[in-house]
Amino acid sequence: MAEKKRPAPTTAERPPRSSADRKSNAGNTPEPWEMCARLEYGGDRSFAWSVREQVIDSGPEDRARIEDQLLKALALPGCTDAGRAFLCQMLALVASVKSVPALAALLKDGKSADEARYAVQQIAGPEAAAALRDALGSLSGAPKAGVIGSIAHRRDTTARAVLAGIRENPSEAPVVREAAARALAHLS
Amino acid sequence: MNLPALPLSRRRFLRSSGLATAAAAAPLILPSGLRGQNAPSRKITVGIVGSGNIADSHYGALLGDENVRILGVCDVDRERRDEGAERVNKAYGNKDCRAYADFRELNRRTDIDTVFVCTPDHWHALVAIDAMRNGKDVYIEKPMTLTIEEGRAVVAAARKHNRVAQHGTQHRSMKRFHDVAEYVRNGGLGKLHRIECFIPPNNRHCGATWKTEAVPEGLDWDMWLGPAPWRPYSSLGCHYNFRFISDAAYGQVTNWGAHYLDIGQWAMDADAGGPVSVEGRGEFPSSGLFTNATKVDFTVRYANGVPMHCRTRYEGGGTSRFVGERGWLDIARNKMSASNPDLLREMQAPGKKIQLELSNNHHDNFFACVRSRGKPIADVEIGHRTTTVCNLGQIAMVLGRPLKWDPVKEEFVGDDMANRLRGRAMRSPWSLA
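From first to last, the protein sequence lines are chains A and B.
So the first sequence is numbered by numbering that gives the first Met the number 0: it starts at 0 and just counts up by one.
So the second sequence is numbered by numbering that gives the first Met the number 0: it starts at 0 and just counts up by one.
Only chain A is shown next, with the shape it has when bound in the complex:
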């Protein structure tokens, strides 16, 4: 439908035309990888932008090094919630089976399971599938339902028995049992 008309942008609102492409206005940070672990919501993210560019521009031959850098930053003490979310979103683009152990640990914690799934859901292979199944025993409530959704999305039929058990378990939260039921329907 027609949207309400928005006023034309003023000169000040327009993006600078001098910036030629997505690289042009990136921040110039000495150690952007470490800075990403300290990212805060609402704070300057220009260093994250430069990391994002390196991730996106990496060729297949360079992905392993990029993945290592991201994992190293993710392991830094005091990694913030925003930093962890960003790093996992970047891992979603390049992560391989090498990332699974670090992500598996995050998957088992309800506070970080969602962010870990950003990356794990994208990693092909049995290792990532196993990490998702293993996390079910450590989680409850919404994060557990989220993991079940990722299992269904990956069409992991080996999880059917586990999911059936969850669906029938009266001690599970309704949101979890419903997620299991839907996952089973999705896998059938």
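Any given hint could turn out to be false.
Said to hold, decoys possible - In silico contact screen, one side only, chain A against chain B (beta carbon under 7 Å); selected entries: (1) Gly41; (2) Gly42; (3) Arg44; (4) Ser45; (5) Trp48; (6) Ile55; (7) Tyr117; (8) Ala144; (9) Gly148; (10) Thr156; (11) Val174; (12) Arg176; (13) Leu183.
Worth flagging that the hints you see were computed from the coordinates, not collected in a lab.
Backbone N, C-alpha and C define an ideal beta-carbon position, used for all residues, glycine too.
Mind docking chain B on chain A? Use the hints.
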């Protein structure tokens, strides 16, 4: 759910909300005996999920349609849902329309036939799929979904549950867009050289940093975020402005691009397919809350070699322009022009060999299909394919490299990173499953 046929001529679409309100209050159009579940089955009942900017555009037409009855309004913002329900009840002169905070509650009402999905983009797929699972036909605002994976899931749900599902690209129901697509299909421009789609500027500059704020009373922020990654509330990144943040939308690429690229798809006879390659360069903010391209420039190319460009235009608004060996046609909502007036006359002349389906009203077409169980003019497969073109452009601009696309397999050829961008994990507990 099958409704008896009703002559379309009885419909009276009153465009302005003022007229709609006045007309709806008149006993001739809405007899006082029509109440809730006792309403005659000939009236199609409607639930509206998302009662903000885009829903505002639907209220006027729906309230002016004597064959439609809105029974429920849902929004995670109490003020918006209460205003929406009050608007409906005032128009009908009763208290039958209920306000809901959770779309699932509305979707489970057995007396609602259709659901209008008017939420921010990141919610479209989940709301629509849940509605179809619960037996509702759906009208899904554009863009149909946020991601390519979501789009395919919506189409699958529509087919599985045998639902009528219309994409809100109403240019398909505007004669000038129909005429240009039909004219191009018939070779009216001779050999087609290219299609150019211009979209309005993307966003406003909001600075390199932003302040988190307390969630306003009455707003369920967790539900507003839904499947999108968590972030703290900021009024800058909620109503309307959500479209400038890639967690929730892809800016004008999907907002207006969905309209103008859609007509290109129609003219290219690509409603069940799409382009085979894409490349693009976008300007993205390197900091701040807004993350979508401030300047859009991408090109998709079809198998026959015809390119379709999509670019930001700072003056002049959106348009679909078709350039061929006989000249060009430029078609916008409120104006059309051509390199030669004869082309416009030919374009509007009847009797072409290839004739495209003609719809004069997008709502009308949807409700007619709800009754006939036919496919609407912008069926979800068509909507998915058009939204995919938007997504291809977004992904190409993000990656900044040329990509090959297989429209049959719906995957990029030889680019794993691009393929990973076709979908994303949803924040719990939400899932496409």
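Numbered hints the structure breaks, given as an ascending list: 10, 12 and 13
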